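A.B. asks: With the hints as a guide, bring both chains together as one complex.
Protein chains in written order, with my numbering: chain A, 1 to 152; chain B, 1001 to 1191.
Note that these hints are calculated values from the structure, not bench results. Please note: incorrect hints may appear among the correct ones.
[Stated by the list, open to error] Coverage of chain A stretches by chain B, computed from C-beta distances (three or more under 8 Å per stretch; other residues unrestricted):
no., region
1, 65 to 77
2, 123 to 129
[As the list claims (entries may be wrong)] Label pairs and their calculated CB-CB ranges:
no., chain 1, residue 1, chain 2, residue 2, range
3, B, L1005, A, G120, 47 to 53 Å
4, A, R14, B, H1097, 43 to 49 Å
5, B, D1018, A, G120, 51 to 57 Å
6, A, P118, B, D1072, 41 to 47 Å
7, B, A1191, A, W16, 40 to 46 Å
8, A, D59, B, G1182, 35 to 41 Å
Keep in mind the model is a prediction, meaning the values are calculated, not measured. Note that beta-carbon positions come from the ideal geometry of N, C-alpha and C, so glycine has one too.
Here's the letter readout for the chains.
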Amino acid sequence: MSWRWLDLVDGSFRTWPAAPERPTPRSLRVDARAVEPGGPATWVSWCRFEGEESLAFDDGAVTAALRRVVAGRWPVAVTTALVDWSRIAGALTLGTSRRDVEDDPFARVFPRTILEVPSGSLGTIPAPTGPALTRYGSGNPWPWDRYAGQVA
Amino acid sequence: MSLTLLDWRRRVAALYADVRRTSEAEPIAALARFRAGRDELFTSHPDRPGGPRPIYWDHRPDLRFEVDVDTDVQPARLAMERSDGATVPFTRFGRVHLPIGDLDVYWLDSYGGGVFLPFRDATCGTSSYGGGRYLLDSVKGADLGGEGGRLVLDFNYAYHPSCFYSDAWACPLAPPANRLPGPIEAGERMA
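Chain B on its own, in the form it takes in the complex (with noise of 0.2 Å):
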């Protein structure tokens, strides 16, 4: 849409970098960098999405999880209705099994594709936003790493969808198999 545009995707895709290089070894200053630099995105960059800044919960090192992806599901092809009447379709290719509940994973259907991952949690319409909020999302750069095939799920890094923060948005939001059954109190928060 515009070399803004391309610079906002640069910088996110730069943050995620970071992270995927240095969570691991260092979580609390990793975490740090990306909430200073996704606060700059928000409070300066002539694309940010509006509304209000982003407010997080503190550091949770239990709620980070590194996890093989079950493949052996049924595939299953979704489709979102976007505002303009089309339709945007994924299609489920795996599920994870974590401690805290299990989530299926979903492959975004359409040019370039990526792996998505939304979820819903006991948080959902009091501290987080009622429609869930994305952990993967990894055409817009949001890929937290992994390797061999498994994946890093840390939810501290959870973020609210852009229709958080303004009404030009319509986004998927986490379907049924995505709702987990306790609270997560970690990643973006609403005041």
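Same shape as in the complex, but just chain A (with noise of 0.2 Å):
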């Protein structure tokens, strides 16, 4: 698995491939499986903080946010969104219908923005096979599934 940057840019998602440095000062970590083209989502819940406020990544806000992610019904697709290895500031939660995003848990977090997409032109991530954390160092956003991998 890998990650990407994203940000919206007026109004449209721009990714770039992992790299040290942020290719915009606003631009955010994601599981890059959520953005590889060809998923069946039209629907966006984009959270972020507007300002470059971030949290830590275990803080009780985003635990708990991931415990009510895997509790209820799993929808096309949810990332975290991380500025670095250990703070997060935004999610993505992609869907086929506006409901499947409207109650998006990260929205209680972050402020959120709701938005419609061209199928296809976002990806696809499965329900995690791992539990609801994240893991301090690991400077990769949830889920990244290694459960779900052949690891040897």
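C.D. replies: Written out as structure tokens, the structure is:
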């Protein structure tokens, strides 16, 4: 698995390959599967702090949102959006209907925008197979699903 | 960790031992005893996980299967991250073919080992936990039996993982191969 930088530029999502430097001042790291074209999503819940604020990766509000995401009906994709290897500043949730994304638990943590996008423009992430937690120093957006993949 | 946890494990193992002995001959009574025993553990045992008391769908005789395990599968070693950064390794050692869909069967690749079978279905996120349920987890006593290389898979005994009950737990959840397309309205459910 890999991650990519993501930013909302003039109302459209733009992505860049993983790299140490942020390509734009407001870009965030997301799970690359969420922004890989070809998925069925047509609605997006884009949660993001307005400024440069961010939360620790294990902030209680973030952990609670992750648990609510896992407990509920999984949409097309969910990924946290990271500033760096330990700070979170938002999340991206993709669905095929407005209802899929309206109840996004991350909207209780970050300011949120709901956007409509063309089908096929974004990707898919299957429901995670690991626990609803992230780990310090991983630098990887949740779900970063190692359990789903062959390790050796 | 403690003698009370040992007691919890013994009592869970005894519930499943009773199921293995009696569920084929007297399925409704066996299920009722299992649920009563579980209710008692969840309401009074010092090591109960907390949270809501388990509730269940009615008995579904059509969702009990005894099947061969198809071991002609590519072994895949999987790792699930734990909260402390370590990983819990599993190996897929077989696949079962059921009228309701196919499921991979895993072996817990750490001390003691054990069979592990988690699944998701179309009830997840609405009438059951979004993270799915477990059917077998033999290291914790959840073993429904089966002889001669066969496994009993009775979805009336499907149960929510501990992370459904308490934030203190971090559970492995069903991988993509173990997602059943239809609703499995049997076993433990949400209100």
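A.B. asks: With 51 to 57 Å as the target window, see if B:D1018 and A:G120 comply at their CB atoms.
C.D. replies: Holds, at about 53 Å.
A.B. asks: Test coverage of the region 65 to 77 of chain A by chain B using CB-CB distances below 8 Å; three residues minimum.
C.D. replies: holds (count 7)
A.B. asks: The hint says 41 to 47 Å between A:P118 and B:D1072; measuring C-beta to C-beta, is that right?
C.D. replies: Because 43 Å falls inside the window, the suggested range holds.
A.B. asks: Starting from the hint 35 to 41 Å, judge whether the C-beta atoms of A:D59 and B:G1182 obey it.
C.D. replies: Given a distance of about 38 Å, which is inside 35 to 41 Å, the answer is holds.
A.B. asks: Do B:A1191 and A:W16 keep their Cβ atoms within the hinted range of 40 to 46 Å?
C.D. replies: 45 Å, holds
A.B. asks: Within the assertion that chain B covers the region 123 to 129 of chain A, do at least three residues meet a Cβ-to-Cβ distance smaller than 8 Å?
C.D. replies: holds (count 4)
A.B. asks: Using the beta carbons of B:L1005 and A:G120, state whether their distance is inside 47 to 53 Å or not.
C.D. replies: For A:G120 against B:L1005, whose Cβ atoms are near 51 Å apart, the range 47 to 53 Å holds.
A.B. asks: Assuming the hint says 43 to 49 Å, is it satisfied by the Cβ distance from A:R14 to B:H1097 or not?
C.D. replies: With a Cβ separation near 45 Å, A:R14 and B:H1097 satisfy 43 to 49 Å, so the hint holds.
The structure meets every hint from the earlier list without exception.
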